[in-house]
Amino acid sequence: AQSVTQLDSHVSVSEGTPVLLRCNYSSSYSPSLFWYVQHPNKGLQLLLKYTSAATLVKGINGFEAEFKKSETSFHLTKPSAHMSDAAEYFCVVSDAEFDFGNEKLTFGTGTRLTIIP
Amino acid sequence: NAGVTQTPKFRVLKTGQSMTLLCAQDMNHEYMYWYRQDPGMGLRLIHYSVGEGTTAKGEVPDGYNVSRLKKQNFLLGLESAAPSQTSVYFCASMSSGSMAQYFGPGTRLTVL
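Residue numbers (the numbering used here), protein chains in the order written: chain D, 50 to 166; chain H, 138 to 249.
Here chain H stands alone, though its shape is the one from the complex (with noise of 0.2 Å):
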């Protein structure tokens, strides 16, 4: 039970590229998530899914695209990568059963 998985660890894009950023959860969650963390800052939630099929805008959305295809998978688009989005990323889980998210490792992303 390998829990939440995020794809990559690392990532180095220049100002203007695009890229996925994958989320992964084993556990038959209906709930997915995903954050951004700053230094000082907290996470703050960018985007959120509540089941397959179905995505809605956090507090911090902007510049993000989301998909939520399979029930276990979450997807996280950067279309033009801007050097504010260098952040670390976490994508989380949680079961409608449950008051707790469960996070990944995160993906950490510069943009130059």
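With the rest of the complex left out, here is chain D (with noise of 0.2 Å):
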């Protein structure tokens, strides 16, 4: 079975401050996890993706991850935070147990980022 914790219900970050938006993960293969951005009434844009390749993931606008198996981690990080940033972030988990294209995708609960002027 799979699991995604999102420590952080809600974030806030001074703008050009960095940002860390943590995750933490449970699955029994190999995972593939991404970060997903919801700005307010919009629906979910993929924001970045580990599929098994290098460790330190680059994504888009800036933010990047990097996936620790030694600590189940895939936290989000970007090093200057700016106002467009406001949304509601979701790291997800999909284990590689299930047959390509049955891939059930777990979500976190998500982290609010606010960005403060």
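Since the hints were derived computationally from the structure, they do not count as laboratory data.
Owing to the predicted nature of the structure, the values given are computational and were not obtained by experimental measurement.
Think about it this way: if two alpha-carbon atoms lie no more than 30 Å apart in a straight line, the pair counts; the simulated DSSO-like pairs of lysine-lysine are:
1) H:Lys208 to D:Lys98
2) H:Lys146 to D:Lys91
3) H:Lys194 to D:Lys91
4) H:Lys194 to D:Lys98
5) D:Lys91 to H:Lys208
Can you join these two chains into the complex? Each is in its own frame, and there are hints to help.
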């Protein structure tokens, strides 16, 4: 069984300071991991994905995440927050045990990021 | 290239009414998914399809039915709506060569 825990339901940072959104996962197999962003009243947009290649993954809008198997973590970071980063962020895990196409994405409960001017 | 579109964007139903939500994608993706999003619970998979004419149950399928008669369309039906089905519904699609799902803008459904 797979699961994902987002350790903070709400994070506030000042504009121009670093962003850290924490995610821990549990998976029986080699997982694929994703971060999605959801702006208010919008759909989900893929930020980045890890699929067993490089452990440091770079995504859009300056975000990146590092897969740490020993810590079962996949934290999302950005060096300098921008006002447009204010949104809800979801960490997602997908187990490789299922037939391709039958993957069940398991979503975290989300972290709301607020940017203070 | 519109990506994934959903119709309607908003809907209010009375308990017991029925409706169909339409999802369309123009990316020629094989796989399509329906999720619901509720506060504090992330997204949960309702049903999914790995190809035209095939559907399967997800995590929370009760009270919903789906059909995939055409590759580009995935319909979600509520035969007798209940207040517990008040939620935001998202459709997603994925290519067989990818590990990432692409989401539509969502449908906000309220059942009174």
